[in-house]
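Student: Chains as they are written, first to last, in my numbering: chain A, 27 to 106; chain V, 805 to 1015.
By construction, these hints were calculated from the structure, which means they are not laboratory data.
Any given hint could be a false lead.
Unchecked claim - Label-pair distances were calculated between CB atoms; the ranges are:
hint: 1; chain 1: V; residue 1: 850; chain 2: A; residue 2: 100; range: 32 to 40 angstroms
hint: 2; chain 1: V; residue 1: 828; chain 2: A; residue 2: 35; range: 51 to 59 angstroms
hint: 3; chain 1: V; residue 1: 851; chain 2: A; residue 2: 39; range: 33 to 41 angstroms
hint: 4; chain 1: V; residue 1: 972; chain 2: A; residue 2: 43; range: 34 to 42 angstroms
hint: 5; chain 1: V; residue 1: 850; chain 2: A; residue 2: 75; range: 29 to 37 angstroms
hint: 6; chain 1: A; residue 1: 104; chain 2: V; residue 2: 928; range: 46 to 54 angstroms
Since we're looking at a predicted model, the values are computed, not measured.
Cβ coordinates follow ideal geometry from the N, Cα and C atoms, glycine included.
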Amino acid sequence: MTAQHDPCAHCEEMMQPYLDHTLSDEEMREAEMHLDGCDWCRRRYRFEESLRIYVRQAVSKEPMPAALKEKLAALRIPLN
Amino acid sequence: MAEAPSNTGQDATRLATEARDRVRFEEEALGLSDQVYRVARHLASSREEADDLVQETYARAFRSWRSYTPGTNLRAWLLRILTNLNIDRGRRKQRTPQMQPLEANDYYLYDKLAESDGGPSDEEKVVERLSQDDIVSALSEVPHDFRDVIVLVDIGDFSYQDAAQILSIPIGTVMSRLHRGRRILKRELADTFGDDDGNGTGSVDDGEESL
């Protein structure tokens, strides 16, 4: 089945650009109209949104080693 | 003879201004080190490599501080040095030959997680079935070209335009790699999750630190 015939497949194609705010106004309206009536896609969009936040949190948790911070400060060029 | 003190005075003023600008630059750059490290940590293959990369980046930045235009995006400037160094380091000589990465459709991961949970459930709860380790290791499995854009845009918070400049690639390539990269990441996550046999081993917020 092609995207033209399957509105959910088409909606899936629009998910990333929708969440990145790069769809045209017309495509945005089209996506929102579909989402209004489709719980199935709406769940998946919400999941993607949560996932992006979650991934960012997960990979940002690892703090920079304190020793590295000191090494960077030591790289400064001394004033003459 | 009367001019000598004046020249010396001008020189001293110039040197003092330059020293002040340089100190300001260094402090501003050091203030961004956490953010630079976060990007480096996920561009490089290991912690050690990330450490080296960040040190080399700062050493180079401090040496060439004059080529930075004050008032422009210093974080992007530093990360351009970092990504170039990373490429120079021969990261493209990967251990495994470049394969066509596995990519599933955008809904694949959700469907897999929700299904293993016995059907549809709260989307925010579904995501918590992935552990921090799952995410960090899945991201490290994404091939470099795709990972670079995910790390810069989704983690480093850079615009497509900034990412394009940092990586010296067209903006259209940033977008297509980002879209494919996220699908590859989700595919990797789905696989990681499958290895766990569906037992979520803790969420991002449970305070567990990966070793």
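Student: Each hint needs a verdict: does it hold in this structure or not?
Tutor: The hints, checked one at a time:
1. 850/V to 100/A: 32 to 40 angstroms: 22 angstroms, violated
2. 828/V to 35/A: 51 to 59 angstroms: Between residue 828/V and residue 35/A, where Cβ atoms are some 54 angstroms apart, the hint holds.
3. 851/V to 39/A: 33 to 41 angstroms: About 38 angstroms separates the Cβ atoms of residue 851/V and residue 39/A, which means 33 to 41 angstroms holds.
4. 972/V to 43/A: 34 to 42 angstroms: At roughly 24 angstroms between Cβ atoms, residue 43/A and residue 972/V fall outside 34 to 42 angstroms, so the hint is violated.
5. 850/V to 75/A: 29 to 37 angstroms: Distance hint for residue 850/V, residue 75/A holds at roughly 31 angstroms.
6. 104/A to 928/V: 46 to 54 angstroms: 51 angstroms, holds
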